[in-house]
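*Asks:* One letter stands for each residue in the lines below.
Number of protein chains: 2
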Amino acid sequence: MTARSLSFCCHINRQRTFKEKQIAHSKKHIAILGSTGSIGIQALEVISAHPEYFEVEVLTAGSNADLLIEQSKLFKPNTVVIKDSSQYQKVMDALDPMDIKVYTDGAVGDVVTMDSIDIVLTALVGYSGLLPTINAIKAGKNIALANKETLVVAGQLIMGLAEEKGVNIYPVDSEHSAIFQCLMGEWHNPIEKIVLTASGGPFRGQNREFLKFVTKSEALKHPNWDMGAKITIDSATLMNKGLEVIEATWLFGLRLDQIEVVVHPQSIIHSMVQFADGSIKAQMGLPDMKLPILFAMSYPNRIPTKFPRLDFANCAQLTFEKPDLKTFRNLALAFEASEKGGNMPCVLNAANEVAVSKFLHERIGFLEMSDVVETCLSKIPYIQTPCYQDYVETDKETRIKALEIIN
Amino acid sequence: MTARSLSFCCHINRQRTFKEKQIAHSKKHIAILGSTGSIGIQALEVISAHPEYFEVEVLTAGSNADLLIEQSKLFKPNTVVIKDSSQYQKVMDALDPMDIKVYTDGAVGDVVTMDSIDIVLTALVGYSGLLPTINAIKAGKNIALANKETLVVAGQLIMGLAEEKGVNIYPVDSEHSAIFQCLMGEWHNPIEKIVLTASGGPFRGQNREFLKFVTKSEALKHPNWDMGAKITIDSATLMNKGLEVIEATWLFGLRLDQIEVVVHPQSIIHSMVQFADGSIKAQMGLPDMKLPILFAMSYPNRIPTKFPRLDFANCAQLTFEKPDLKTFRNLALAFEASEKGGNMPCVLNAANEVAVSKFLHERIGFLEMSDVVETCLSKIPYIQTPCYQDYVETDKETRIKALEIIN
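The listed protein sequences correspond, in order, to chains U and X. Residues 1 to 407, numbered by my numbering, are exactly what the first sequence covers, in order. Residues 408 to 814, numbered by my numbering, are exactly what the second sequence covers, in order.
FYI, nobody ran anything at the bench for these hints, they're computed from the structure. For every residue, glycine included, the Cβ atom is placed at its ideal position computed from N, Cα and C. Watch out, some of these pointers could steer you wrong.
Unchecked claim - Simulated crosslink set (PhoX-like; lysine-lysine; CA at most 25 Å straight-line):
1. Lys-713/X - Lys-322/U
2. Lys-212/U - Lys-230/U
3. Lys-165/U - Lys-28/U
4. Lys-379/U - Lys-340/U
5. Lys-733/X - Lys-697/X
6. Lys-230/U - Lys-290/U
7. Lys-508/X - Lys-434/X
8. Lys-729/X - Lys-600/X
9. Lys-193/U - Lys-697/X
10. Lys-290/U - Lys-600/X
11. Lys-306/U - Lys-600/X
12. Lys-435/X - Lys-480/X
13. Lys-193/U - Lys-713/X
14. Lys-76/U - Lys-27/U
15. Lys-306/U - Lys-27/U
16. Lys-216/U - Lys-358/U
17. Lys-713/X - Lys-733/X
18. Lys-306/U - Lys-729/X
Claimed, not checked - On the chain U side, residues computed to face chain X include the following (Cβ under 10 Å):
19. Met-184
20. Glu-192
21. Val-262
22. Val-263
23. Ile-268
24. Ile-269
25. Met-272
26. Gln-274
27. Gly-278
28. Ile-280
29. Lys-281
30. Pro-300
31. Pro-308
Build out the structure end to end from the sequences listed, making use of the hints.
*Replies:* Encoded structure:
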């Protein structure tokens, strides 16, 4: 579309009141927390395809020193952090000669506050994303949030801080990115409800008898999305959708009864918003995390890509069904935890992290994961308005309780 | 959603740069051209459900004096026009005592310029919408455009005028309203293509042998939408979709190759936009013209309604297929006319208006409608850059030619 044709567009763009200002394409400086994970790797792919828009400022990794070194040689960040201190010297030896600063362990929480960073992409897995996100928000950095557990655990705290600091949180989860895209130009219009779509995972339509015996490798085969191990298991148990429901309540300021989960096995519609007039907007496309990652970093501008396009004329059909909450109890448990509020979503998350890890180590069966979560929710003391320290205690206590239940 | 929860919404609404200003809910003063037709009647239903937002300023009708009088007693407009001068006295007798000004015939082109009007809803059928729309734009009135023929016939002229006068054109057609809604907050982002969905009409999947013998009453049964006779026949021949393609090129400043037509028999997805990053946005809902009518009058605000909601969990499936251009030749002819440009879309429209009218009078068969259009497109002299008078001449000449062919 040329500038000329844009100027014809219903003439709306001539009305300055309604026009969103296009941000000049100055480079955005990105910090990627968790650069060697699935989201981190895809973010770097996106960045390397659009070097005119992005500059990598910081990379952090857990223990994959080799990949972190490789990435750093390519993207030349200012600073890297390798969490595993046993790998520190190796990374130091490789990158120090290139004038890249190297830190270890506790440094992730500090490097996110660097002046030169515009956006922090938090792609850490689970609870570990919480502290660096808090620090980044305190330092006034906009957040591209791929770590949904941060909002699940401490949504009230995070959103309160973000409001105080005037920081934007751009969702990276494909569902929340879809909602966010549908809300562009409509921030002033009341939301009636949102519809979070769920693929249903690899075991959609199965019963509990079947689920009792599914293996780790069966659970790791997601029909549509290519993701990390933790989130793939969460997708198979529908806990991922439960975490997304809780994330959405915070991100979009919604009541639980404004969120509907619909199973949509094709994963073409990534989620929908229904406004107060009854109109529904959906964001759609082939399942590819690179698109929401890119958009979280380029908002409000869309950067042209060569990602494969959806061909509607050859897209046979889109189907929808209700989720089976009796078979996939994790989703029901997430609704319950969100309803209770306080520290209960934190309990849900910690118990689930332990359970998934034990399932991945083949220590418990598929259905036992929900048992662990349910028991923890009933045993850990309720705190209505937790402070940061309460979350830390709740997380710790829950993990101990979950391990007790399993052993 | 409460004001408080809105303030949490990704914190985006705190960024004044990206925030669309909510228009204060001062009443909008509406002129409805064609108030006794299908769109006009539905517009008045919408207005009567939301008297706090809208005030009826002008109503115009063709010959249905009784309904115009009834509507006027209810909505108390400032001015009415009854085009059929034989009905003038009747309307005058009924409304003059109520202090409502009554005009006839040529007055439609004048009343649209009244100072008190904010938005002109042009719900006239066919070519007759052109002149009043031009006058309204010249008077600086925003247009809620339900008369697609206006843009088909004279898109270049209309959009040029609208740009000159800084006038907004809000589409009422459900497809164009869908595109428009998807573009909110994205006026600055390049469109890769739009996908106009088509129900396929009552004869989807049929062959030409079958179509040869379909009757007027069969063609008037649209599977999803409740509309006027002309547009219902146009939907059965797919000419409606062809006219919409041409309308979309002008409304959204698109090249013809940026517009794809996909048959979607359920009419749930009302149309889609694909942006340059590959992301697709769709607007969806139950087929109900009242929603796009309301939105064209309330933009950029959404007014809460009690329209029936779509239930996704019980929405069995959405399907898509390519349109059959060999059987439904009108769509191919519309693409051809748009490709040629100049006065050819005007020829297409005039020939089609005559053909549909003759089909509705059972003077020609279903397939002959395309024959009339095709012959006119090849016989009427081409004008590359028509002025207003050229459109008038082309329209007149084409109607004569079409009648010649039929008789």
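*Asks:* Would you mind marking each hint as holding or not holding in the structure?
*Replies:* Structure-based check of each hint:
1. Distance hint between Lys-713/X and Lys-322/U is fulfilled; the C-alpha atoms sit about 24 Å from each other, no more than 25 Å.
2. Of the pairs offered as hints, the one joining Lys-212/U and Lys-230/U holds, with about 19 Å between alpha carbons and a cut-off of 25 Å not exceeded.
3. Taking the CA atoms of Lys-165/U and Lys-28/U, the gap is about 20 Å. The hint holds against a cut of 25 Å.
4. Among the hinted pairs, Lys-379/U with Lys-340/U is consistent with the structure: their alpha-carbon atoms are about 14 Å apart, no more than 25 Å.
5. Distance check on the hinted pair: Lys-733/X and Lys-697/X sit about 33 Å apart at the alpha-carbon level, beyond 25 Å; violated.
6. Between Lys-230/U and Lys-290/U the alpha-carbon distance is near 19 Å, which keeps this suggested pair within the 25 Å criterion.
7. About 21 Å separates the Cα atoms of Lys-508/X and Lys-434/X, which keeps this hinted pair within 25 Å; it holds.
8. Taking the CA atoms of Lys-729/X and Lys-600/X, the gap is near 16 Å; set against the 25 Å cutoff, the hint holds.
9. A threshold of 25 Å between alpha carbons decides the hint, and for Lys-193/U with Lys-697/X the separation of about 20 Å falls inside it, so the pair holds.
10. For a cut-off of 25 Å, the pair hint linking Lys-290/U to Lys-600/X stands: about 20 Å separates their Cα positions.
11. For the suggested pair Lys-306/U and Lys-600/X, the alpha carbons sit about 14 Å apart, so the restraint of at most 25 Å is met.
12. About 20 Å separates the Cα atoms of Lys-435/X and Lys-480/X, which keeps this hinted pair within 25 Å; it holds.
13. Distance check on the hinted pair: Lys-193/U and Lys-713/X sit about 14 Å apart at the alpha-carbon level, within 25 Å; holds.
14. Proximity of Lys-76/U to Lys-27/U is assessed by CA-CA distance (about 15 Å); at most 25 Å being required, the pair is judged to hold.
15. Proximity of Lys-306/U to Lys-27/U is assessed by CA-CA distance (about 20 Å); at most 25 Å being required, the pair is judged to hold.
16. Proposed proximity of Lys-216/U and Lys-358/U is supported: the alpha carbons are some 10 Å apart, at most 25 Å.
17. Between Lys-713/X and Lys-733/X the alpha-carbon distance is near 42 Å, which puts this suggested pair outside the 25 Å criterion.
18. Taking the CA atoms of Lys-306/U and Lys-729/X, the gap is about 24 Å. The hint holds against a cut of 25 Å.
19. A distance limit of 10 Å between C-beta atoms decides the matter here; for Met-184/U the minimum to chain X is near 3 Å, and the interface restraint holds.
20. With 10 Å as the threshold, the beta carbon of Glu-192/U comes within range of chain X, its nearest partner Cβ sitting at about 8 Å, so the hint holds.
21. Nearest Cβ of chain X to the Cβ of Val-262/U: about 5 Å, under the 10 Å cut. The hint holds.
22. At a threshold of 10 Å, the smallest CB-CB gap from Val-263/U to chain X is about 8 Å, leaving the interface hint in force.
23. A cut of 10 Å between beta carbons decides the hint on Ile-268/U: the least distance to chain X is about 9 Å, and the hint holds.
24. Taking 10 Å as the C-beta cut-off, the interface hint given for Ile-269/U holds, the closest approach to chain X being about 8 Å.
25. The interface hint given for Met-272/U holds, since its Cβ lies 7 Å from the closest Cβ of chain X, which is under the 10 Å cut-off.
26. Restraint check, Gln-274/U versus chain X: the minimum CB separation of about 7 Å is within 10 Å; hint holds.
27. Nearest Cβ of chain X to the Cβ of Gly-278/U: about 4 Å, under the 10 Å cut. The hint holds.
28. Look at Ile-280/U: its Cβ gets to within about 4 Å of chain X, closer than 10 Å, so that hint holds up.
29. At about 6 Å, the closest approach between the beta carbon of Lys-281/U and any beta carbon in chain X falls short of 10 Å, and the interface hint on this residue holds.
30. Checking Pro-300/U against chain X by beta carbon gives a least distance of about 6 Å; that is within 10 Å, so the hint holds.
31. With a cut of 10 Å, the hint placing Pro-308/U at the interface with chain X holds, because the nearest CB-to-CB distance is about 8 Å.
Figure legend: structure checked against the earlier numbered hints; hints not met, in rising order: 5, 17.
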